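Enquirer: Here is how the chains run, residue by residue.
There are 2 protein chains.
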Amino acid sequence: MASKISLSETRTGEIRLPGEMPFSFSVEAVDRGSRARAGTLVTPHGSVRTPAFMAVGTRASVTGLDPEEVRDLGGGVVLANTYHLWLRPGPELFRRVGGIHNFMRWPGPILTDSGGYQIFSLSEHRKLSEDGAEFKSYVDGQKQLLTPERSIEIQTAIGSDIMMVLDECIASQSEAGATRAAMERTHRWALRSLTARTNPEQALFAIVQGGVSAELRRESASFLTAQPFDGFAIGGLSVGDTRSEREDITELSAELLPPQKPRYLMGVGTPPDLLCAILAGVDMFDCVLPTHLAWQGTAFTSTGRVKLTRGYCAEGDVPLDASCGCSTCARFTRAYLHHLFKCGEPLGPRLLSKHNLFHYFALMAEARAAIVAGSFASYARQKLDAIDRHEHSGYRLGRPLAAELQGPTPAFEDGP
Amino acid sequence: MASKISLSETRTGEIRLPGEMPFSFSVEAVDRGSRARAGTLVTPHGSVRTPAFMAVGTRASVTGLDPEEVRDLGGGVVLANTYHLWLRPGPELFRRVGGIHNFMRWPGPILTDSGGYQIFSLSEHRKLSEDGAEFKSYVDGQKQLLTPERSIEIQTAIGSDIMMVLDECIASQSEAGATRAAMERTHRWALRSLTARTNPEQALFAIVQGGVSAELRRESASFLTAQPFDGFAIGGLSVGDTRSEREDITELSAELLPPQKPRYLMGVGTPPDLLCAILAGVDMFDCVLPTHLAWQGTAFTSTGRVKLTRGYCAEGDVPLDASCGCSTCARFTRAYLHHLFKCGEPLGPRLLSKHNLFHYFALMAEARAAIVAGSFASYARQKLDAIDRHEHSGYRLGRPLAAELQGPTPAFEDGP
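Each protein sequence line maps, in turn, to chains A and B.
Counting along the first sequence from 1, when you hit position 18 you're at 18 in the working numbering, and nothing is skipped either side.
Counting along the second sequence from 1, when you hit position 29 you're at 1029 in the working numbering, and nothing is skipped either side.
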């Protein structure tokens, strides 16, 4: 049985003594002509370069993938879901086995969200109060109350490197009064989360709310950045907002967050979404899209999305994406992947998940290189052009860059 | 894109020129006191030691596993299903891509069954005649006729190293007249299959039928072994017969098959089934059990089956099987596997498939070593004793060995 992974071993092989500052973030380069930054996150379980895309491992497993595969693909931080892990296997097991890194055998950094998203997504099934959110467990049917304190306690037991505050995430179309109320509750819960933290080696990020109101977003960012959080997330987007609203609020919020701390846009998005957010100064992302779409048979490629069950994919001794360096594209043909999906063979989703995640990780690495070279705006333009018009129509490259663009500005349509 | 695997490259690295005898079988050792043999199968895609368990890759994919994983686990021959591959992707694609080895990226030996089993398993959905079996394709609804000639043509296009004749597999409880008729048709179809073979580099095995009648089995073996087939399979078992009938017919049939050619027991079985059949002189097996049970959350272990969703599996920083050398047991705890299955996470079935296949492959390797040492009977006794009584009650060790057994003979009960 392999030994437990100790806190002193990091993915990069650096030996780090307990007590040494376990979490830090530094910006190494800022793009010339945009707000994009290249940085490094340091955690007790290793360093990660930003911009960083975090693979989603909801229940302590990146869907269908072995942690060694995730590492080989270029994975940095893995995200796990406190709400689900709370119900199964529960914080007690994590205390017993020495935390999630040992449990799932992922030796790198792990971020846990707080359960706040479920407050939104399971809104039909929970009761909300100033105390917290009461859910009915799908494991044993018992009522369970998730408070900011309980969330921090569970995340502490899980042993993630980065914890998130419990927030009240609300649909973007909510009326102004409700949006304000949810934001203010988020602020009170954020303070309670900060107070509840017992382990200083686990970083804690706050989550800016405020819907699609610029005024509320300013208020939220102002309140939270006055507190000693280790990083700040932009929450409450991709919950009914239009693409245009999402971009505007992302850009605005990122500008309001302190430059020396990591900025994390939660639950976003497609490759074009990521490129636009990086332009606006975002450092970290998580999204189920690469793995979810893989299980549905859709690949992200250098020229846009490919639905593998389409007839034309049955032909040809060609890889799925000729520009892709992943093991799926190196070893298997698109025709074989098509066959696997038509047959419902589980190897299909697995090979495609690896490809999609590699695609995302490679995008982040390329973005970073372009930022360091000071040419991120033109890199983003080139990348967006290469992607199927269907994918990127409607994306703007960010107002600050209008002057930077070479050539005519394409006519983008706003809207979802 | 990796280059096509040429016929001259084998798994063992031997260079084999086209035209050289591509298929052969040799017996290296016979157990002292039983009919068990240790041998080597040589094919155009590499050598395999026998006794050999063949992983089932029905639709050109060993369920959920990457071919490199199958190889790393100790896989030798992979079995693919002509009926399914006929309907999707079809023989034309295999001709275009240069065969199944290239398509699925399995460089080792491949055996294709003929579609004969589907004649039995889909008996409600096919029309049988002397010509062949008419099925309705589940891909496009078209009627398709599978004849011995068509089956050989499809297997030729698939490019398997070992082909099987089309046979009429019938339920064991069929009355004598129907069993005889099916056997005689199997004989005529076997001759037609032999005549239909165009590529001498693809071996062809015949299938002995005759239900649970010793007389018919003798007749079938006598007829088929008079023909120049490269190997002989025992078919028509595990189709309604009792465990006792299955063992008797296996023992009888194996004895009737020539010792210098491989003997293949189709569709069997559990570890005890394999041990008993090896005792009787069988060399090759295929069964979906290790992978099917893995997807249901059941593991084969050195002390019997373990249902991973059982409550006790939630506890303990222990491997699934302390005696197992597979990567699943080396890296993950039983508690984590339990968690994956309770959550429905697809990594669970995948890790368990690897464990179960490793278990089977290791069993074959251990059996072979015991045969070479001349001590297979006592090895089999020890192995059966270690497995949960529930698993092996009812298994006898074969009449020829009664005198070899040390210690009291356990009271086995006959029956299923």
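There's no promise every hint is true.
[Unchecked claim] DSS-like, lysine-lysine: derived pairs with alpha carbons at most 25 Å apart:
1. A:Lys342 <-> B:Lys1136
2. B:Lys1342 <-> A:Lys136
3. A:Lys342 <-> B:Lys1143
4. A:Lys307 <-> A:Lys342
5. B:Lys1342 <-> A:Lys143
In case anyone wonders, no lab produced these hints; they're calculated from the structure.
Computed from a predicted model, the values in this text were never measured in an experiment.
Enquirer: Now, for every hint given, state plainly whether the structure supports it.
Expert: Status of each hint after checking the structure:
1. A:Lys342 <-> B:Lys1136: Holds, at roughly 18 Å.
2. B:Lys1342 <-> A:Lys136: The given pair, whose Cα atoms are some 18 Å apart, holds under the 25 Å limit.
3. A:Lys342 <-> B:Lys1143: holds, 20 Å
4. A:Lys307 <-> A:Lys342: holds, 11 Å
5. B:Lys1342 <-> A:Lys143: holds, 20 Å
No hint from the list above goes unmet by this structure.
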